[in-house]
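J.: Work the whole structure out from these sequences, hints included.
Number of protein chains: 4
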Amino acid sequence: MKANTSINRAILLIHCADQKGILSNISQFLSDHNGNILSLDQHEDSEDHHFFMRVEWDLHEFTIERKNLHERIDLFMNEKFTHIHWHLAYRDWVPRMAIFVSKYEHCYYDLLSRYESKEWNIEIPLIISNHDKLRTAAERLNIPYYHIPITKDNKQAQEHKQLELLRLHNIDLVVLARYMQILSKNFISHYPNKIINIHHSFLPAFMGADPYRSAFQRGVKFMGATAHYVTSDLDEGPIIAQDVISISHRDSIKRMKRRGRDIEKIVFAKGIWSHINNKVISYKNKTVVYE
Amino acid sequence: MKANTSINRAILLIHCADQKGILSNISQFLSDHNGNILSLDQHEDSEDHHFFMRVEWDLHEFTIERKNLHERIDLFMNEKFTHIHWHLAYRDWVPRMAIFVSKYEHCYYDLLSRYESKEWNIEIPLIISNHDKLRTAAERLNIPYYHIPITKDNKQAQEHKQLELLRLHNIDLVVLARYMQILSKNFISHYPNKIINIHHSFLPAFMGADPYRSAFQRGVKFMGATAHYVTSDLDEGPIIAQDVISISHRDSIKRMKRRGRDIEKIVFAKGIWSHINNKVISYKNKTVVYE
Amino acid sequence: MKANTSINRAILLIHCADQKGILSNISQFLSDHNGNILSLDQHEDSEDHHFFMRVEWDLHEFTIERKNLHERIDLFMNEKFTHIHWHLAYRDWVPRMAIFVSKYEHCYYDLLSRYESKEWNIEIPLIISNHDKLRTAAERLNIPYYHIPITKDNKQAQEHKQLELLRLHNIDLVVLARYMQILSKNFISHYPNKIINIHHSFLPAFMGADPYRSAFQRGVKFMGATAHYVTSDLDEGPIIAQDVISISHRDSIKRMKRRGRDIEKIVFAKGIWSHINNKVISYKNKTVVYE
Amino acid sequence: MKANTSINRAILLIHCADQKGILSNISQFLSDHNGNILSLDQHEDSEDHHFFMRVEWDLHEFTIERKNLHERIDLFMNEKFTHIHWHLAYRDWVPRMAIFVSKYEHCYYDLLSRYESKEWNIEIPLIISNHDKLRTAAERLNIPYYHIPITKDNKQAQEHKQLELLRLHNIDLVVLARYMQILSKNFISHYPNKIINIHHSFLPAFMGADPYRSAFQRGVKFMGATAHYVTSDLDEGPIIAQDVISISHRDSIKRMKRRGRDIEKIVFAKGIWSHINNKVISYKNKTVVYE
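Protein chains in written order, with this note's numbering: chain H, 1 to 291; chain C, 1 to 291; chain G, 1 to 291; chain D, 1 to 291.
Some hints could be false.
No distinction is drawn between identical chains; accordingly, a pair holds when it is met within one copy or between any pair of copies.
Claimed, not checked - Restricting the straight-line Cα-Cα distance to at most 30 Å, the calculated cross-link-like pairs of lysine-lysine (DSS-like) are: (1) K254 <-> K286; (2) K194 <-> K254; (3) K284 <-> K254; (4) K103 <-> K270; (5) K80 <-> K20; (6) K20 <-> K279; (7) K257 <-> K284; (8) K152 <-> K185; (9) K194 <-> K279; (10) K257 <-> K118; (11) K270 <-> K254; (12) K185 <-> K270; (13) K20 <-> K284; (14) K270 <-> K118; (15) K20 <-> K254; (16) K155 <-> K103; (17) K279 <-> K254; (18) K133 <-> K118; (19) K118 <-> K254; (20) K133 <-> K254.
Calculated directly from the structure, the hints in this document are not laboratory data.
T.: Laid out in structure tokens, this is it:
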């Protein structure tokens, strides 16, 4: 089947302090085992001479079986290099993604549309919200919707519930679709570089609450949105995707919110897409995002 | 002559707290004196109900002479409205612009090229620099180039010299073409909303020194430039023009600087163009910029 | 109620050969009847001296009642001007929009999401498709979904059915959400400037079928989408909205299609939004689109 | 010296029908001779399975001398692969670029500014124009300026003169800075993929004369510019760089021309920069342009 063929591929994401022969050793390793390289992108960070690489290869005639591949690469990396970070992934991976949402629909509906139309190869085992408002859209797609209200007093207990649900459903990725709550440091620590938030400004400009109002008051000529990994520093995690649109004196705050919804949902989807397709390397609070 | 015809026009920039009948009174006034309105743009700020308008009209059959126009408008405004701010300008105005520059050529050369090719209808009576490096380009266009080095100790005296030169040359507008000095509060107070700076980031992100390095380190996916009026708060004056370009992991700081030069010069020129064509209203540390 | 207040407004869209005093006469007319102008944008086409204007005013204290307004404006226009085209609209208009769709979901789901979340103030009385594939999404929102298959032989009869349905449901606007059929000249004649199509290229480049493949083969560095009114000349009607994104050698046709879906849906929505908010004037196979 | 260090590098541009082991063989070859790979970008065309690669490596400890490198690579390629196209280049290459210009200054001045400020590492041995208008700017930089007027009758003879001059000055690249003449097929054949033109539209839209007027009349919402290699099919050669800006009803043709100048010069410079930095592979009337 053609569909299967095109996704019987492996991906290796690598970064480390620059060392001699990384590329040639790895390409030799793949070649020795009959792996046809389909795409390779390698560069060096100009400031601290850090090496980054993404390579994707065909597994059809590859002579190492999937079940042994992780171990074989591990042996190879240990033998050849020091302090190398690598991540092995497969094209046919189906990430299990949880959506957190509050009351704004636009990003949420956009994600569900991509899911329903099979635009993305993902599973959505559950949706969690601090409000009951958006239950219908979940239920008609047969996705369990958990209403977990958060107050100042119950936050710790409710986050515990959330974590338990994520664990039970074996979640790979949490996406905050305009979820209006701040996650605790403890919560975040369970999903490092696995929680993606959409912030409605071109960060680092206008961090925190009500960025459209701040942008309006500052009189900027562009507004934007940013998808980023969540860290314990609010709105300061590694940026995955951004986009901007021009604004003018005719843009009231209300109009900015309306136009902003469209950038938010597109940038959010772009960031998630890069993550679930193993296109992102995180390093030093930044990301390398391959096309 | 066609060229003259198209510029025998007047422009009125108006803003005030919203009052009844501003538009109809003004358009009636122009109509009563046979002024054909060529373009009018009016809107209200949605937050504080402030009224803004720009109107441009043909003077060919206008029955008030130029020499009387300012006074007649003044009478009219005082009679009809309270606390109205207005500025009368003419299309054939030739602003006298001083360039301040240090050692970076790109914005400077770009301005001189526009001047030499008569792309802009301006005069450049003088150029001031704290270095002697870029004298040649000034002299071949017969523009006086004043080398006024600034040190911590002589700054006050040298600024005094600069102000004297600007006054002598009857300067309307000062543009800082990557001039690497911070102007004193006193200097700025002589040219309110008449000094335009180019900052190499999409403000308010990355204010201050070395914004490309800051942008690189934050890992943003866009870089930009901002043309703004200079106020005593560094990099916080009213923004006139901005633009951005996307960047990726392949953009080293060096490459950002190279690519940045092109946005800087285009955004700077765009901001200056809007100013010298009477397209800008400043209000509350923001600008309304008409197309 | 605040919500009602903000939409008790009228809008006048005007165009005509340039004549003296249009603006002052109209603003006087509004002022005479106590209409507070909230926004006015007026310009003249530079090539053929055609006058265009959009004015929006508050009706709260306006002394002409809605039921008489059309007639009063008609009288006024006839008295003052010759060959003037004008359209009166109200902010609280709820357009009745029919969606035509085939098998692609992305634009269709996006429209339904905007409808469901009440982002747009519209009614969708029916959806028509030549396939039965996308019925579910319609039915869960209680929108009648008509499956009207089109073949070479039955096209005329089926279009007759479609027109009958549109008439019965009193449709104001038809939007083709990647509807893969070409409408007949007769069909189009019933809805002049009332059918909006989304084409997946930056027209006029790559008209006709499979524009992504054509763009790939030509090796352009940008791809785009265009929302336009449908005329009998395929892909040549007045353009309402466009957008583009940059592409590189890493963009296969497959990837272009994936990325294209997002521009298509945003540009389509932008075009429709402008239309249903009375922001568009059509003239000479072009549009003036107010912000 | 730091400056020299950073440019003692070689670049290999490769394309061919896909074959096994290209990447591993080449990286092995470089590694075997102690060449540290600084950047490598490899991908496969999805439509016809063509392989493309750009690799840049450090020559400091590379064990093959420059004078032997071409031959050694030739041997290696012939031994390992069939029908492979490759181009070897060096980072410290100083291309010799001829400018052709007519009467428009903006692109021309922009190129000269980059040259004068040493932004680009090039030589400009001569400038050729069919008018004498822009001689001054050439002469003050001591660049010979040849005035070679073209008429219908003398075109063949004048092109012969031009070719002779290019040959004498050992020109690597010809850039047409809004040169308003169409080059003959014969002329072009001497510089395949070595003549870069700037066209003032986003090709393939609005080929030929007066594209701003055509864009205005079609009512597009974006205008653009395209840098492309010149082939005997007018405006149809491989596109190297493009950019666009949004336009509205306020953009007259005159205003489009004014705003267009800035995109033209930036896109032109971008295309030339990619070429002189060996970032371009031409294939099937398209280009692969590396970042």
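J.: Are the hints correct? Go through all of them and say.
T.: Do the hints match the structure? See the list:
1. For the identical chains of this complex, K254 and K286 are inter-copy neighbours only, at 18 Å across copies versus 32 Å inside a copy, given an alpha-carbon limit of 30 Å.
2. Within a single copy, K194 and K254 get their C-alpha atoms only as close as 32 Å, which misses the 30 Å cut-off; across copies the closest is 27 Å, which meets it.
3. With identical chains, the CA atoms of K284 and K254 are at most 30 Å apart between copies only, with a shortest distance of 19 Å across copies and 36 Å within one.
4. In this homomeric assembly, K103 and K270 come within 30 Å of each other (Cα to Cα) both inside a single copy, at 22 Å, and across copies, at 23 Å.
5. In this assembly of identical chains, K80 and K20 lie within 30 Å of each other by CA distance both inside one copy and across copies; the values are 10 Å within and 24 Å between.
6. In this homomeric assembly, K20 and K279 come within 30 Å of each other (Cα to Cα) both inside a single copy, at 24 Å, and across copies, at 24 Å.
7. Taking the closest pair of Cα atoms, K257 and K284 come within 30 Å of each other only across two copies (22 Å); inside a single copy the shortest separation is 32 Å, beyond that limit.
8. For the homomeric pair K152 and K185, the shortest alpha-carbon distance inside one copy (15 Å) is at most 30 Å, but the shortest distance between copies (46 Å) is not.
9. Taking the shortest Cα distances, K194 and K279 sit within 30 Å of each other inside one copy (13 Å), while across copies they are farther apart (35 Å).
10. In this assembly of identical chains, K257 and K118 lie within 30 Å of each other by CA distance both inside one copy and across copies; the values are 29 Å within and 14 Å between.
11. In this homomeric assembly, K270 and K254 come within 30 Å of each other (Cα to Cα) both inside a single copy, at 25 Å, and across copies, at 16 Å.
12. For the homomeric pair K185 and K270, the shortest alpha-carbon distance inside one copy (26 Å) is at most 30 Å, but the shortest distance between copies (40 Å) is not.
13. For the homomeric pair K20 and K284, the shortest alpha-carbon distance inside one copy (22 Å) is at most 30 Å, but the shortest distance between copies (36 Å) is not.
14. Proximity of K270 and K118 under a CA criterion of 30 Å is satisfied in both settings, with 16 Å inside one chain copy and 25 Å between copies.
15. Taking identical chains as interchangeable, the C-alpha atoms of K20 and K254 lie at most 30 Å apart only when they sit on different chains, with a minimum of 24 Å there against 55 Å within one chain.
16. For the identical chains of this complex, K155 and K103 are intra-copy neighbours only, at 18 Å inside a copy versus 44 Å across copies, given an alpha-carbon limit of 30 Å.
17. Taking the closest pair of Cα atoms, K279 and K254 come within 30 Å of each other only across two copies (17 Å); inside a single copy the shortest separation is 35 Å, beyond that limit.
18. When the C-alpha separation of K133 and K118 is checked against a cutoff of 30 Å, the pair qualifies both within a copy, at 25 Å, and between copies, at 14 Å.
19. Taking CA atoms no more than 30 Å apart as the test, K118 paired with K254 passes between copies only; the shortest distance there is 15 Å, against 33 Å inside one copy.
20. Only within a single protomer do K133 and K254 lie at most 30 Å apart by alpha-carbon distance; the minimum there is 22 Å, versus 36 Å between protomers.
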